[in-house]
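Chains as they are written, first to last, in numbering that gives the first Met the number 0: chain V, 0 to 409; chain H, 0 to 409.
The set of hints was computed from the structure by calculation and includes no laboratory data. A quick note: this is a predicted structure, and the numbers were derived from the prediction, not measured. Some clues are possibly wrong.
Any copy, or any two copies together, can satisfy a pair, since identical chains are not distinguished.
Calculated lysine-lysine pairs in the BS3-like style (CA-CA distance at most 25 Å, straight line) [as the list claims (entries may be wrong)]:
no., residue 1, residue 2
1, 406, 128
2, 202, 242
3, 215, 139
4, 166, 405
5, 406, 166
6, 264, 320
7, 406, 139
This is what each chain is made of:
Number of protein chains: 2
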Amino acid sequence: MKAVLVICDGLGGRPTDYNGKTCLEVANTPNIDELARRGITGLLDPIKPGVRPGSDTAHLSIFGYDPEKVYTGRGVFEALGIGMDVQDGDVCFRTNFATVDENFNVLDRRAGRITEGTDELERALQSLKSSQPDVEIFFKASTEHRGAIVLRGHGLSGQITDADPHKTGVRMIRSEPLVDSEAARRTAEIVNELVEQSYHILKDLPINRKRESEGKLPANILLFRGAAVKPDIPSMEELYGIKGVGIAAGALYIGIARAIGLETKRAEETTGGADSKIINKAKLAVEELQNGKDFAFIHLKGADSCAHDHDAEAKIAYIEKVDEVIGYLLDNLDWDDTHLAFTGDHTTPVVYGDHVSDPVPVVFVGPNIMPDDVERFNERSVLKGGMGRISGRVVPILFGYCNWLKKYGA
Amino acid sequence: MKAVLVICDGLGGRPTDYNGKTCLEVANTPNIDELARRGITGLLDPIKPGVRPGSDTAHLSIFGYDPEKVYTGRGVFEALGIGMDVQDGDVCFRTNFATVDENFNVLDRRAGRITEGTDELERALQSLKSSQPDVEIFFKASTEHRGAIVLRGHGLSGQITDADPHKTGVRMIRSEPLVDSEAARRTAEIVNELVEQSYHILKDLPINRKRESEGKLPANILLFRGAAVKPDIPSMEELYGIKGVGIAAGALYIGIARAIGLETKRAEETTGGADSKIINKAKLAVEELQNGKDFAFIHLKGADSCAHDHDAEAKIAYIEKVDEVIGYLLDNLDWDDTHLAFTGDHTTPVVYGDHVSDPVPVVFVGPNIMPDDVERFNERSVLKGGMGRISGRVVPILFGYCNWLKKYGA
Numbered sequence: 000m001k002a003v004l005v006i007c008d009g010l011g012g013r014p015t016d017y018n019g020k021t022c023l024e025v026a027n028t029p030n031i032d033e034l035a036r037r038g039i040t041g042l043l044d045p046i047k048p049g050v051r052p053g054s055d056t057a058h059l060s061i062f063g064y065d066p067e068k069v070y071t072g073r074g075v076f077e078a079l080g081i082g083m084d085v086q087d088g089d090v091c092f093r094t095n096f097a098t099v100d101e102n103f104n105v106l107d108r109r110a111g112r113i114t115e116g117t118d119e120l121e122r123a124l125q126s127l128k129s130s131q132p133d134v135e136i137f138f139k140a141s142t143e144h145r146g147a148i149v150l151r152g153h154g155l156s157g158q159i160t161d162a163d164p165h166k167t168g169v170r171m172i173r174s175e176p177l178v179d180s181e182a183a184r185r186t187a188e189i190v191n192e193l194v195e196q197s198y199h200i201l202k203d204l205p206i207n208r209k210r211e212s213e214g215k216l217p218a219n220i221l222l223f224r225g226a227a228v229k230p231d232i233p234s235m236e237e238l239y240g241i242k243g244v245g246i247a248a249g250a251l252y253i254g255i256a257r258a259i260g261l262e263t264k265r266a267e268e269t270t271g272g273a274d275s276k277i278i279n280k281a282k283l284a285v286e287e288l289q290n291g292k293d294f295a296f297i298h299l300k301g302a303d304s305c306a307h308d309h310d311a312e313a314k315i316a317y318i319e320k321v322d323e324v325i326g327y328l329l330d331n332l333d334w335d336d337t338h339l340a341f342t343g344d345h346t347t348p349v350v351y352g353d354h355v356s357d358p359v360p361v362v363f364v365g366p367n368i369m370p371d372d373v374e375r376f377n378e379r380s381v382l383k384g385g386m387g388r389i390s391g392r393v394v395p396i397l398f399g400y401c402n403w404l405k406k407y408g409a
Numbered sequence: 000m001k002a003v004l005v006i007c008d009g010l011g012g013r014p015t016d017y018n019g020k021t022c023l024e025v026a027n028t029p030n031i032d033e034l035a036r037r038g039i040t041g042l043l044d045p046i047k048p049g050v051r052p053g054s055d056t057a058h059l060s061i062f063g064y065d066p067e068k069v070y071t072g073r074g075v076f077e078a079l080g081i082g083m084d085v086q087d088g089d090v091c092f093r094t095n096f097a098t099v100d101e102n103f104n105v106l107d108r109r110a111g112r113i114t115e116g117t118d119e120l121e122r123a124l125q126s127l128k129s130s131q132p133d134v135e136i137f138f139k140a141s142t143e144h145r146g147a148i149v150l151r152g153h154g155l156s157g158q159i160t161d162a163d164p165h166k167t168g169v170r171m172i173r174s175e176p177l178v179d180s181e182a183a184r185r186t187a188e189i190v191n192e193l194v195e196q197s198y199h200i201l202k203d204l205p206i207n208r209k210r211e212s213e214g215k216l217p218a219n220i221l222l223f224r225g226a227a228v229k230p231d232i233p234s235m236e237e238l239y240g241i242k243g244v245g246i247a248a249g250a251l252y253i254g255i256a257r258a259i260g261l262e263t264k265r266a267e268e269t270t271g272g273a274d275s276k277i278i279n280k281a282k283l284a285v286e287e288l289q290n291g292k293d294f295a296f297i298h299l300k301g302a303d304s305c306a307h308d309h310d311a312e313a314k315i316a317y318i319e320k321v322d323e324v325i326g327y328l329l330d331n332l333d334w335d336d337t338h339l340a341f342t343g344d345h346t347t348p349v350v351y352g353d354h355v356s357d358p359v360p361v362v363f364v365g366p367n368i369m370p371d372d373v374e375r376f377n378e379r380s381v382l383k384g385g386m387g388r389i390s391g392r393v394v395p396i397l398f399g400y401c402n403w404l405k406k407y408g409a
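Pulled out of the complex, with its shape left as it was, chain V reads as follows:
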């Protein structure tokens, strides 16, 4: 038996998005509708009703982990997602290259949306060093202003505030302990020390002199946010005895896949943007399943980004690209021996432009599924779905159809 989970990030919408319809209702989606015809549909609250999910907490919940119990923060997934090594007890942060003036007033949180030369910044930041000799520091740049940093040593804590004012025109703020513990005080102190160090390391680098001479903002400081200790998450293999692959382009989703023990692979010409050649993810998934993997997780980012940009036409067009991905899977999976779930990780209405708590349509297809009468797949049609309304746990339900669950009790 094989299992496939396809997540279209930000899939769900609202009737206010497009003349009384959602983008998913407007889009032409013959293949996604074929899933509805073959399978059982319903509504998914990614975490539970009335909870507005982040992408990280939503994915954990969909994979069957209780975010209330395991979620420690986003930093660790970002660090894992850009290929960093993260060990038990490590504290991870997302970082931004940013611009401050000589009084540490924040002029731009993304250093003028820097795109080039961050490798030079990364090389220079290898000299970051804590005054506490038992703590090691690892920094890696990723795309544009983004990066991640990992602190390794005994007695560190993720319970500290961001060293990031989250707005411009104000002074940098210091990281503070969120709990009364020596570990939190010590970790916040190290972060504040590293932020200041980053300024001294970065401000006079040739790339920044060049940027200033061109009238661009220098990338002269690191902001730290999303402190997170590595969560204690049993892997998919430990829980279910299966080997899986995660196919994603965005760092966060790669990081989540790594955190739950999936091998991660990048499909050719995929970017995490709306222009990504996402059909290649479907091709890679089919190959991986043919080459022995039991489970493939495909993450498709674009619909969410279009909705964040309030662009209904773009979201509709992206959903029609997703329909081609589903079409490829319909044509190329062994449907006598495969179960598939298709859904979103949350609703992102175009008008609102950010995640909301509204449930998302979900469909399960495969030989062991009792189909319902629903023949189209959208927020309105699945209200009559046989699946009813579920809270997270899409992957345990999917694996149940595959007969992969251990019995609880006797």
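Starting from the known structure of chain V, fit chain H onto it as the hints suggest.
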């Protein structure tokens, strides 16, 4: 007001079970369908979506207890189910009479499916004795190779592994503590001592010499499994102020009924097998309700056993017998004053032959119930049921219709 819960064990199936239909869809069930016509239907996840239930955890959840909080293991229900006395702090095990060679290699985990003479084995095992003088040992044989053992004394733990390799052709394995505690270490040690003692007590008994002379495997050792301390479960009477009766034939279900404080009664000519005269359970339930009981729980085992045997025809035939049970209840209960719930404790597809996590159809009938439009009762028809999808808690819902619930809050 009266309440009746009828559990058809392993009721649920999959469309792969019988030419695209489930056994329940194929079976001729005019009476069960009459429940659907009169009542409200829906889907029951015995524990929650994506959890594959054991029979014990599923029943606890259906009765309204959270197995995550109260479940300790199966042994205690087996011991209660064969009529043993179980007190707070006791550790209970299911046991098998098994066959080992002189090097303790396991030749058969059921001693050649022994059926006769186990009373002699039971008598001999009354001499089992721990070297720890404060610990008492109680053993009782039940049907065929089955039995239960209870350890009584201070500072015992159920957190130990089975003294049962769960396969043949390998050496006996020792029970080990699952947690780092003196109680667990001590209990595992007692178990290992008793296993060895059982061999010395049993191996030369006349019944075993006779079996060997007939070319049968001797029942020369006890396997211990499912260690469980008595769970802390408030009774139905404490929770709801009602008096109930449990009518079952299988030891596990009798044990669960006893654990939640139901009086248990055995109907005449009932066996727990597919050949059981289950109509007598319905007759006994009606009598008990007429004689003052508020609540009757009827457990019907056969459908699950047929599904474990991959026998669709037998499962269909058994469901048709269950239909007669429902017919008797329809004819003989006072429907102006009775609420009834009918469901399964889990889905057991014939093709897979074991419990799966797929939800089970459920129906509630009675004067306080708002009926839906569903007119047949099966896995497909209830997808349009008005009950929606519920997780466990069938009995609290049933008792709610009976106005038996205490107010939570003020």
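Cross-check of the supplied hints:
| no. | hint | in the structure |
| --- | --- | --- |
| 1 | 406 - 128 | neither (49 Å within a copy, 34 Å between copies) |
| 2 | 202 - 242 | neither (46 Å within a copy, 46 Å between copies) |
| 3 | 215 - 139 | within (23 Å within a copy, 70 Å between copies) |
| 4 | 166 - 405 | between (48 Å within a copy, 18 Å between copies) |
| 5 | 406 - 166 | between (50 Å within a copy, 18 Å between copies) |
| 6 | 264 - 320 | within (20 Å within a copy, 54 Å between copies) |
| 7 | 406 - 139 | neither (42 Å within a copy, 27 Å between copies) |
Hints 1, 2 and 7 from the list above are not met by this structure, while the remaining hints are.
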